[in-house]
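J.: The lines below spell out each chain.
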Amino acid sequence: DAKTTQPPSMDCAEGRAANLPCNHSTISGNEYVYWYRQIHSQGPQYIIHGLKNNETNEMASLIITEDRKSSTLILPHATLRDTAVYYCIVLKGRYNTDKLIFGTGTRLQVFP
Amino acid sequence: GAVVSQHPSRVICKSGTSVKIECRSLDFQATTMFWYRQFPKQSLMLMATSNEGSKATYEQGVEKDKFLINHASLTLSTLTVTSAHPEDSSFYICSAGEQGSYEQYFGPGTRLTVT
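From first to last, the protein sequence lines are chains A and B.
Going from the first sequence to the numbering used here is simple: count from 1 and add 816.
Going from the second sequence to the numbering used here is simple: count from 1 and add 1143.
Don't take every hint at face value.
Stated by the list, open to error - DSS-like cross-link-like pairs, simulated, lysine-lysine; straight-line CA separation at most 25 Å:
#: 1; chain 1: A; residue 1: K819; chain 2: A; residue 2: K885
#: 2; chain 1: A; residue 1: K915; chain 2: A; residue 2: K885
#: 3; chain 1: B; residue 1: K1157; chain 2: A; residue 2: K915
#: 4; chain 1: B; residue 1: K1163; chain 2: A; residue 2: K908
#: 5; chain 1: B; residue 1: K1209; chain 2: B; residue 2: K1198
#: 6; chain 1: A; residue 1: K819; chain 2: A; residue 2: K908
#: 7; chain 1: B; residue 1: K1209; chain 2: B; residue 2: K1157
#: 8; chain 1: B; residue 1: K1184; chain 2: A; residue 2: K868
#: 9; chain 1: A; residue 1: K915; chain 2: A; residue 2: K819
#: 10; chain 1: B; residue 1: K1198; chain 2: B; residue 2: K1157
#: 11; chain 1: B; residue 1: K1207; chain 2: A; residue 2: K915
#: 12; chain 1: A; residue 1: K915; chain 2: B; residue 2: K1184
#: 13; chain 1: B; residue 1: K1163; chain 2: B; residue 2: K1198
#: 14; chain 1: B; residue 1: K1163; chain 2: A; residue 2: K819
#: 15; chain 1: A; residue 1: K908; chain 2: A; residue 2: K868
#: 16; chain 1: A; residue 1: K868; chain 2: A; residue 2: K819
#: 17; chain 1: B; residue 1: K1207; chain 2: B; residue 2: K1157
#: 18; chain 1: A; residue 1: K885; chain 2: A; residue 2: K868
#: 19; chain 1: A; residue 1: K868; chain 2: A; residue 2: K915
#: 20; chain 1: B; residue 1: K1184; chain 2: B; residue 2: K1209
#: 21; chain 1: B; residue 1: K1198; chain 2: A; residue 2: K915
Worth flagging that the hints you see were computed from the coordinates, not collected in a lab.
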């Protein structure tokens, strides 16, 4: 699976959009980009995933560049409850039986 | 979404004893479950893949005789930390995937403290 690079930390004001970047320059054609987040002392939570098209759900939007070498997770209106560590993970398949390898992630701090 | 539970949520044990942690998929069947360990201020580290009805697959560097995994049914996997030592103190998390869904569901974690 391709390696990912994320900034270690970011801040965002409550109510503003949080844009979390992820670099995955070695991604191959059949690999998906997944995002999970972990709120302090809890198990991780799935957010969104995509292959090459932009995706949106009730939690977030995922923007993948045309060359697929990077992506951005967008939380459109961040709240204090969005404070968490966000993990970008690249997986060969879209099957939930594939093991997830977590990198260091981005620690997002949403402030009032 | 689907729910994964863990029991206990926290446990304190004495050095040299064994501790069993349960991971249950409450409303779906899971042929595969995963066990992770997380030290303070670090990321999750995958320990092993638990397969229903067969032996677990351990990641490199994880001692299979120390971390015993049993996946006896489609809704239950257990992790037993044998002869626990203070360095085994950590946050243990399991996950499972529901057939037809693309996401993995994580348990709330078990905090183990070995004194």
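J.: None of the hints should be skipped; say for each whether it holds.
T.: Right, here's what the structure says about each hint:
Distance restraint check for K819 of chain A and K885 of chain A: the Cα-Cα separation of roughly 11 Å lies within the 25 Å cut-off, and the hinted pair is therefore satisfied. Between K915 of chain A and K885 of chain A the alpha-carbon distance is near 22 Å, which keeps this suggested pair within the 25 Å criterion. Among the hinted pairs, K1157 of chain B with K915 of chain A is inconsistent with the structure: their alpha-carbon atoms are about 32 Å apart, more than 25 Å. For the given pair, K1163 of chain B sits about 32 Å from K908 of chain A by alpha-carbon distance, which is inconsistent with the 25 Å threshold.
For a cut-off of 25 Å, the pair hint linking K1209 of chain B to K1198 of chain B stands: about 14 Å separates their Cα positions. Distance hint between K819 of chain A and K908 of chain A is fulfilled; the C-alpha atoms sit about 12 Å from each other, no more than 25 Å. Of the pairs offered as hints, the one joining K1209 of chain B and K1157 of chain B holds, with about 16 Å between alpha carbons and a cut-off of 25 Å not exceeded. For a cut-off of 25 Å, the pair hint linking K1184 of chain B to K868 of chain A is broken: about 32 Å separates their Cα positions.
Of the supplied pair hints, the one linking K915 of chain A and K819 of chain A holds, its CA atoms being roughly 14 Å apart against a limit of 25 Å. For the proposed pair K1198 of chain B and K1157 of chain B, the alpha carbon gap of about 28 Å is over 25 Å, so the pair is violated. A distance of roughly 18 Å separates the Cα atoms of K1207 of chain B and K915 of chain A; the hinted pair therefore holds under the 25 Å criterion. Between the alpha carbons of K915 of chain A and K1184 of chain B the distance comes to roughly 22 Å, so the proposed pair stays at or under 25 Å and holds.
Proposed proximity of K1163 of chain B and K1198 of chain B is supported: the alpha carbons are some 17 Å apart, at most 25 Å. At roughly 33 Å between alpha-carbon atoms, K1163 of chain B and K819 of chain A are farther apart than 25 Å, so this suggested pair is violated. For the suggested pair K908 of chain A and K868 of chain A, the alpha carbons sit about 13 Å apart, so the restraint of at most 25 Å is met. Restraint check: the Cα-Cα separation between K868 of chain A and K819 of chain A comes to about 17 Å, which is no more than 25 Å; the hinted pair holds.
A C-alpha spacing of about 21 Å is found between K1207 of chain B and K1157 of chain B, which places the hinted pair at or below 25 Å, so the restraint holds. About 10 Å separates the Cα atoms of K885 of chain A and K868 of chain A, which keeps this hinted pair within 25 Å; it holds. A distance of roughly 21 Å separates the Cα atoms of K868 of chain A and K915 of chain A; the hinted pair therefore holds under the 25 Å criterion. With a CA separation close to 24 Å, the supplied pair K1184 of chain B and K1209 of chain B stays within the 25 Å bound.
Distance restraint check for K1198 of chain B and K915 of chain A: the Cα-Cα separation of roughly 16 Å lies within the 25 Å cut-off, and the hinted pair is therefore satisfied.
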